[in-house]
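A.B. asks: Starting from two chains that each stand alone, build the complex the way the hints lay out.
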Amino acid sequence: MGFYLVQFLGGLAQASSLFLVAAGLSIIFGVTRIVNFAHGSFYMLGAYLAYTLAERMGGAVGFWSAIALAAVATGVVGVVMELLVLRRLYRGPELFQLLATFGVVLIVQDVALLIWGPEDLLGPRAPGLEGVVRILGRPFPKYELLLIALGPIVLGLLWLLFHRTRWGTLVRAATQDREMTAALGINQTWLFTSVLFVGSLLAGLGGALQIPREAVNLHMDINIVVEAFVVVVVGGMGSVGGAFLAAVLIGLIQAFGILVFPQITLVVVFLFMAVVLVVRPHGLMGRQQATARGAGHVPEAPIHASGMMGRVAAVGLLVVLAALPALFGDYALAVLTEMMILALFAASLHFIMGPGGMVSFGHAAYFGLGAYGAGLLVKHLSGGMVAGLVSAPLFAGLGALLFGWFCVRLSGVYLAMLTLAFAQIVWSIAFQWYAVTGGDNGILGVWPDGWASPRWAFYYLSLVLCAGGVLMLRRVIFSPFGYALRAGRDSPLRADAVGIDVRHLQWLAFTVAGAFAGLAGGLYAYSKGSVFPTLMAIPRSVDGLVMVLLGGVQTLTGPLVGAAVFHALNTEMVRYTDHWRLTLGVAIVLLVVIFPQGIVGTLARLPFFRRKEA
Amino acid sequence: MAVLEVSGLTKSFGGVQAVKGVGFSVEAGELLALVGPNGAGKTTCFNMLNGQIRPDAGDVRLAGVSIAGKSPRRIWRMGVGRTFQITATFGSMTVLENIQMVLLSHHRNIHDLWTRATRRHADAALALLDRVGMASQASRPCGVLAYGDLKRVELAMALAGEPRLLLMDEPTAGMAPAERIDLMALTADLVRERGIAVLFTEHDMDVVFTHADRIIVLNRGELIAEGPPAAVRANPHVQEVYLGSGSMYGHAGGKTP
Ligand SMILES: Nc1ncnc2c1ncn2[C@@H]1O[C@H](COP(=O)(O)OP(=O)(O)OP(=O)(O)O)[C@@H](O)[C@H]1O
Ligand SMILES: [Mg+2]
Chain F
1 MGFYLVQFLG
11 GLAQASSLFL
21 VAAGLSIIFG
31 VTRIVNFAHG
41 SFYMLGAYLA
51 YTLAERMGGA
61 VGFWSAIALA
71 AVATGVVGVV
81 MELLVLRRLY
91 RGPELFQLLA
101 TFGVVLIVQD
111 VALLIWGPED
121 LLGPRAPGLE
131 GVVRILGRPF
141 PKYELLLIAL
151 GPIVLGLLWL
161 LFHRTRWGTL
171 VRAATQDREM
181 TAALGINQTW
191 LFTSVLFVGS
201 LLAGLGGALQ
211 IPREAVNLHM
221 DINIVVEAFV
231 VVVVGGMGSV
241 GGAFLAAVLI
251 GLIQAFGILV
261 FPQITLVVVF
271 LFMAVVLVVR
281 PHGLMGRQQA
291 TARGAGHVPE
301 APIHASGMMG
311 RVAAVGLLVV
321 LAALPALFGD
331 YALAVLTEMM
341 ILALFAASLH
351 FIMGPGGMVS
361 FGHAAYFGLG
371 AYGAGLLVKH
381 LSGGMVAGLV
391 SAPLFAGLGA
401 LLFGWFCVRL
411 SGVYLAMLTL
421 AFAQIVWSIA
431 FQWYAVTGGD
441 NGILGVWPDG
451 WASPRWAFYY
461 LSLVLCAGGV
471 LMLRRVIFSP
481 FGYALRAGRD
491 SPLRADAVGI
501 DVRHLQWLAF
511 TVAGAFAGLA
521 GGLYAYSKGS
531 VFPTLMAIPR
541 SVDGLVMVLL
551 GGVQTLTGPL
561 VGAAVFHALN
571 TEMVRYTDHW
581 RLTLGVAIVL
591 LVVIFPQGIV
601 GTLARLPFFR
611 RKEA
Chain P
1001 MAVLEVSGLT
1011 KSFGGVQAVK
1021 GVGFSVEAGE
1031 LLALVGPNGA
1041 GKTTCFNMLN
1051 GQIRPDAGDV
1061 RLAGVSIAGK
1071 SPRRIWRMGV
1081 GRTFQITATF
1091 GSMTVLENIQ
1101 MVLLSHHRNI
1111 HDLWTRATRR
1121 HADAALALLD
1131 RVGMASQASR
1141 PCGVLAYGDL
1151 KRVELAMALA
1161 GEPRLLLMDE
1171 PTAGMAPAER
1181 IDLMALTADL
1191 VRERGIAVLF
1201 TEHDMDVVFT
1211 HADRIIVLNR
1221 GELIAEGPPA
1231 AVRANPHVQE
1241 VYLGSGSMYG
1251 HAGGKTP
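Sequence order for the protein chains is F and P.
Its first residue numbered 1, the first sequence is counted upward by one per residue in this note's numbering.
Its first residue numbered 1001, the second sequence is counted upward by one per residue in this note's numbering.
Everything labelled a hint here was simulated from the structure, so no lab data went into it.
It should be emphasised that the depicted structure is a prediction, and the values quoted were computed from it without experimental measurement.
One should not assume that every hint holds.
Stated by the list, open to error - Per the computed footprint, the stretches of chain P lying under chain F, defined by three or more beta-carbons under 8 Å from a beta-carbon of chain F, are:
no., region
1, 1105–1111
2, 1117–1123
Unchecked claim - Some chain F residues flagged as far from chain P (calculated, every beta-carbon gap over 12 Å):
no., residue
3, Pro127
4, Ile425
5, Ser479
6, Val565
Each residue gets a CB set at the ideal place from its N, CA and C atoms; glycine is no exception.
So here's chain P without its partners, still in its complex pose (with noise of 0.2 Å):
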């Protein structure tokens, strides 16, 4: 059974149709990368899958169980992580300790109110900083980091929920070109260690066809190509799309926030 199952998902806003439709699934151990211009409905459709915005209409299931509607808290308990567009970690807190925060959630420890905090986790909070190249910034303050660490940072604390289904919007946005390939290569090795599935957005094209299993392109709210990279690549109404905003095959930088 494929981990996430998407079908009919649909939202408006007052008159902007920004979804329609919109149906897909990620399977265990899968890149799948879902593509299109700005405004296009992907971090709407983001916003539905991990619960931060109803949908108007359609159906999300996590391993067979309809998702739809419950709150972001439900939905991360139920094993999907996120990292997001602007990027989002706790700015008066250490590296380490945003790691710390969220397993403290995930082991339900938040109710406690007597020993220290940064005594709980801290091991496993390193050991998962270190898999993501932050464990020698750990005692940084956040909110001093620059954007590219962030995102690193926001990566550990997705992947401290142990989720089963990892939700990346423009993971590399504000990074270096060099330190993107890094990055997705280092997703790309933990998915498959750990059997995760994966739903990224990206505008740049290059990271997208070297490290996506496959690619869905959304255009105005409305899927309009589904394949392997190659496949995608070469689909005429694709290349239209694309072609008006030209950033299909050249080095369209990451939009900045």
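This is chain F alone, in the form it adopts within the complex (with noise of 0.2 Å):
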């Protein structure tokens, strides 16, 4: 008995941290639309911050102090990243920012390194509440019983800010109806910046708390945001309330999720959000919000067939591709494979994002599949490439099929969300299944057929395949179905008053997407000739959504170009800079600052590149 209630009380205290982070991610998203993934970065920022301070303050007085500070200054890099960088980018297509932040992701990380270095920090005790007390003879920590309470205290703080100042009023205001703010002449650029302090705030405050618990360590970012979005979505965005319910049950699932079911515990959380989207498509206390009617957005331009010039470029573009295995070495030719895989990934991903208005936080999962579907044919039955290609756009179209019917069923970040859920859940099953798929020892020996193995051959093999899948969607966006496909996302109401089934297509549209997007991962698995895990964690779909938004979302060749830059600086810098997430942060922000329509569509809306209007 005293074992599970330990458990439980367990589970609490570690809800009550995730409710801290959750919160502020939460107030952050619902007023000003941002998918904020530096939030983990402050989290990780409010724990190095408090360690350095409680160190050099010492004793009880200095260690709270430290606490309190490290919170407050963590706020204002909020404040910081809001007034240089995101504040330029309210009118960018939705979802811009997170570009953004994922740049200042990279940037923290390695300022992190470079002042506190790579190894785990062992923060100083909570002065008074070292011990242990017994609970049911059972020893828990005193530390934990503070934070226990301060979830709730938190809590109610908020609520009073929410309900009985001035400033809450227009917060909840904003969350229910950023336009009709706007409308009433609220000053929504200081409200903005004030938001993103106290979102911040809490953020370093729920990480500063940590350092008692564990070794600050240079993990924490992404470890913490990802499940903090799950926590939010869980909830429902923009309620504190919900992330509060989603943070207990989610901290309790964790605490038992490890007794009952220690094979998957690393999907518990996701499987739990699955199900919790599937049957309450808002999150457990979200409404569906009034619907962003072009908020501060400018509407996508009509598409075009290339015309004469668009396609002596593309003819071009491929001769010179072809000719390049004259010129370069076996090296240049891997990245530039692998750089014309990567491209087909965008393109797919594109697909859903740009005319379907679908986002998708887990494309890497039908990559990883596709990989899965060639290496296990090879693994299993000693298949040869070509039907490992073959296998590979079938076995991640199969997934997304499965997957997309319940993501359609979705819209926004809830949407994404379950992608992320679906991708988790297939990288555990990688990952985990080591009979069938090896484990984290991956599948090796996946190499092309004879004639393909030159490094050159599988370069034209690629840029077939590749420019191929490319040219095959582009088709598709200008078919009907395309066009269809986009009449659902620019207005949903409008489609199904003109008999457009819009959940068909777009579960049609992700079924697709997943396939190109197994093709493309396919491809990578003989080109590295192993399968791993990874294919499909996080980071390869964030590289996605990078490249995607890179390039610019709202154009259709901009996937291509973002795909090009990002692995280009990706793999330059990696060879050139030690500190190459800083580089590649800065890189980032400065280009998401310089074209804030994605590097594509903001040349695009130059007047040399503008078409005439008839």
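C.D. replies: This is the structure:
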């Protein structure tokens, strides 16, 4: 009995920490609609700052002031991010800020490494709360009791802040209907800045409070931000009460999940989220948000089939690509092959994000399923490369058919998080099902057939399949199907009123995108000779998003340019500098600020490139 | 047989009874105006007629077939076109493409993944645009049109499905007075040409009295009068309702969305 009680209390303590971070994230999203990937970085920053301050100041007063100071300082960092970067992006396409916040994630990672070094740092114990208490004979840390109390206290304070102050009223109004508040003449800029301060402060506080519990390390950011998103989405975006409820549920699921399902600990939480979202598409306590009627966001321009110039350019590019093996050695060809594969991957993601209007945070699942489709065939049936490249898109397409059926029932960030949940589920199957997938040892020996094994031959094979795939996706975008898909995105109301079954089309589109991502994954497997679970881990999904957004989600060639630029930056920076994250992060932030519609999107708006209006 | 027959239509939102036991019918070639003060329940009625919301009670029959509770998609396929109070068009497409899109759906082409969409039904789409006076703007993006022009595009979109019944929610809101008269005159012509039944709501009483064959008046969810324009105008109950808002005889500008 005591054991379970202690386990239960541990779950609650974890829930409080999660709640602090998630509440901040939820408030920021509710008001600004920014999907803030950097929130986890602020949590980490809070922990590091608290560690340093507590070491410097010492003593009980020093410890608690260190925590408070770290939280406030983190809030200020959030404000700086808003002032310098986000503020310039509010008029861009939705989710474009996500890219900037991802750049900030990279920057904070490297800055933290520079300042605090790679070792885990063990902070001081909380003065006065060092020991344990006995609960039904079991020891339980006193500090955890403090955390348990802190969750409801912060919830209460936030409630007061939201219901008893003018600022809180504004925040609630903006959460419900952003345009309404704009129309009422409320100073939005100031509101956004202050919301980032409060939200980041909560993240910093959550991080600072961790120092007596766990060693501060450089992986805290990613771990927490994913969990915090799960909490926010399960609770309902923008609902602080929902975040609290979800944090408690998830804290307890984690505490007891380990006991009940030790095999699948990694996914229990994601399975839970998937179930919640399928049953309640807006989370436990979320409400359907007033749809943004093009709030501060430029309507997408009509698409045009390429004219003479475009065709010449495309053919020219293909000719150049075809000539490259004569000029370059194996290393460059390998890099180029990878770039083409990523371009196909990015184009497939763009297909659902752009024309489909469905953001996926888990597109790597289909890349990975494709790779495993090829790898498993090699491992268990000794299949050849051609069979592998057929099974890759089939395998991924079937996965997308299954998961897509659930995903298209949701929209916006909820949809995005459900795709992430499925990706994590698939990832953990690959990671933990040793007998079939080889677990984290992966599958080795996935080599091309003899005729395709020289680098240049595989390069040509990739060129044909990737260019073919990209062109086919493009063709579909210009087909009646592609138009109907865009119609459903532009105005679901009107589409439904003219006989278009939007969900059904989105489901098909999801499947098509999954199949092409799978083809890319299959090619990737043969280009590397191996398949690992990391192919479908979160970072790869994020890479896909970055490529699409960087190039410009509202354009057709954007994802290709984005893939090329991102991959080039990525590989070159790893080669030439130790601080590639910092450099890449700064590069992304600069690109985002210079090209607020994505690279291609912004260039296309320059007078020189603009199509004359008839 | 009437094209549209409605009986006992009822809907409440939480505690608000938005529509209470409404019944009426529309004949082919007839323009029926549904009028009433703001919040009377007109849009809610429309939403139940085209399937966007499910009625709590009552029946809707299209040429004798019950359509209550069916999806907007299916109701559209059965021949009901609609324009919205707040226009809903495809903002990332040109005006012509908007109409082509509807034609593609009407001809069940949308599962075609290969041919170029803009090459399909272009002439038919242009003819429809011409009919509503928008041909000259065919290649402009829909996202940049003036509000009145969007309303015309919506009308063409609704017509593209070859409807038997046209539901128009405030078709002239946001237009200049002269433009309103034009658009309704055009609608009246189309109705007579094609034998379509039209149900429309409108705040501009000039428009209503000039073009409606018959008027029904809704107040707080209930029908309070029905009849030809002259009779409705003379109805004391109607006058009372409208005197409150003062909009029956003056130039009540349509509510801007
Ligand atoms: N989705 C909804 N949820 C709750 N209440 C609603 C909803 N839609 C309409 N209502 C309420 O139902 C009543 C009727 O609204 P409706 O939009 O049908 O009026 P209307 O006659 O079209 O008004 P207007 O002339 O302003 O367009 C109003 O009191 C409105 O607030
Ligand atoms: Mg209305």
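A.B. asks: Next, verify each hint and record whether it holds.
C.D. replies: So, going through the hints one by one against the coordinates:
Counting residues of the region 1105–1111 of chain P whose C-beta sits closer than 8 Å to any C-beta of chain F gives 5, which meets the bar of three, so the coverage hint holds. Taking a C-beta to C-beta cut-off of 8 Å, the region 1117–1123 of chain P contributes 3 residues in contact with chain F, enough for the three needed, and the coverage statement holds. Against chain P, the non-interface label of Pro127(F) holds: every CB pair exceeds 12 Å, the least being about 53 Å. The beta carbon of Ile425(F) sits about 29 Å from the closest Cβ of chain P, which is more than 12 Å, so the claim that it is off the interface holds.
Here Ser479(F) does not stay apart from chain P, with its beta-carbon only about 5 Å from theirs, under the 12 Å limit. No Cβ of chain P approaches the Cβ of Val565(F) within 12 Å, the least distance being about 25 Å, so the stated non-interface status holds.
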